[in-house]
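Residue numbers (my numbering), protein chains in the order written: chain A, 1 to 81; chain B, 1 to 81; chain C, 1 to 144; chain D, 1 to 144.
Source of the hints: derived by calculation from the structure; they are not laboratory data.
Please read all numbers here as calculations on a predicted model, not as lab measurements.
Be careful, since some hints might not be right.
PhoX-like mimics (lysine-lysine), calculated; alpha carbons at most 25 Å apart, straight line [stated by the list, open to error]:
no.	chain 1	residue 1	chain 2	residue 2
1	B	Lys-6	C	Lys-122
2	C	Lys-123	C	Lys-68
3	D	Lys-68	D	Lys-123
4	D	Lys-5	C	Lys-48
5	D	Lys-123	D	Lys-48
6	C	Lys-68	C	Lys-122
7	C	Lys-130	C	Lys-48
8	C	Lys-48	C	Lys-122
9	D	Lys-48	D	Lys-130
10	D	Lys-122	D	Lys-68
11	C	Lys-48	C	Lys-123
12	D	Lys-5	D	Lys-68
13	C	Lys-68	B	Lys-6
14	C	Lys-123	B	Lys-6
15	C	Lys-130	B	Lys-6
16	C	Lys-5	C	Lys-68
17	D	Lys-122	D	Lys-48
18	C	Lys-5	D	Lys-48
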Amino acid sequence: MNVSIKTFASVRDALGYDERTVSVRDGSSVAELLREVLGGAPGLMERAESLLVAVNEEYAAGDRIVRENDVVAIFPMVSGG
Amino acid sequence: MNVSIKTFASVRDALGYDERTVSVRDGSSVAELLREVLGGAPGLMERAESLLVAVNEEYAAGDRIVRENDVVAIFPMVSGG
Amino acid sequence: MSERKPRIHIDIQDGPIDIAALCERAGTDADGAALLFVGRARNHSNGKAVTHLDYEAYRSMAVRELEKIAQDACGRWDVGACAIVHRVGRVVIGDASICIAVSSPHRDDAYRASRFIIDTIKKTVPIWKKEYYEDGSMWISERG
Amino acid sequence: MSERKPRIHIDIQDGPIDIAALCERAGTDADGAALLFVGRARNHSNGKAVTHLDYEAYRSMAVRELEKIAQDACGRWDVGACAIVHRVGRVVIGDASICIAVSSPHRDDAYRASRFIIDTIKKTVPIWKKEYYEDGSMWISERG
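Build the full structure now, drawing on both the sequences and the hints.
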């Protein structure tokens, strides 16, 4: 199934793109998707625990199951204000 | 000796003047001066304990000795802001 | 606590307070936070409808007390700039009776200093508020 | 807690924030206190001179999170109006990156709600700050 990935700030800088569609197997969790997406960027993999994930604009934990066409955003700790 | 009296808000309303020079005996305390000044306004006398006094623009306690030409302000609890 | 000299501005004035101008006074380049407190005339008090307010001040002493409070706040917290303007005379509903602008490098100092300033003003600065209702008026210091 | 419906305004915008306009949004006739928090780009951070900032947002989600925070604050405290505007893009030293205007009948609610809002924004709203120095730049989320 296809999932839309969005990246921000240092995660985008490390991955080199801000949006991409990826294909993952049905029933994948957020954690599995993260390993897939961050696999090619070792620096990010190391600090995967500190990254935040939102599915369809709501924060999601690692065990959240991703569905077809979900929008999954991956980003570092926020620092606005 | 002569002392300048200033009054504000409900104290002024009760006394009917906002400034006056009064003559008191040398060595009078703030408390004695208050009895003198408020004597003619029984409503004020009753709540003398809740009134505030400033001598030369600094808050003063009842035992403070007043001097010639001091400016003594008498007013109710403040309520600005 | 702070080693730099904070900018302090104190005023007691008749007529509307220029809030935008006050905002511009707040904040040096070292300050990451600015906090503006605005005390406004509200349309009710203790269950009664209020039509307008009237503020009276012992002006010279009130300015001295405001300066003391500003200095005290700047000594306790790391404040870059502090401006306090109190209005006197008639204040209609919705208008500002007092504005306090405080800025600091980090927000915690601004919040603490601002709160300290307004709380202390209400205890020590010789200014009195009179509330007007449809059927009369009352000095607020009488109530307590 | 409040039975009236508070006025909420949320925006994420490019370019300078109109602070005076925001002040006017704050405050109904029932509100005796208004508090404006301004987060400003300051000229230093962790001992380094900062030349300017750049803010990036996940805009749609950030607006949703800001709305949640405003609703939450209005549920916890008696707030008449709440406006939050966050700026994105380049912000020069001294300019506002965020403004939060909160009004309430009594000042305690405004102080508590304002502090809650800015503290929560810094934890949950997907906006990132990049600091620029003479010799480079850094995403601030990296630092912790």
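**Q.** Hint check, failures only
**A.** none
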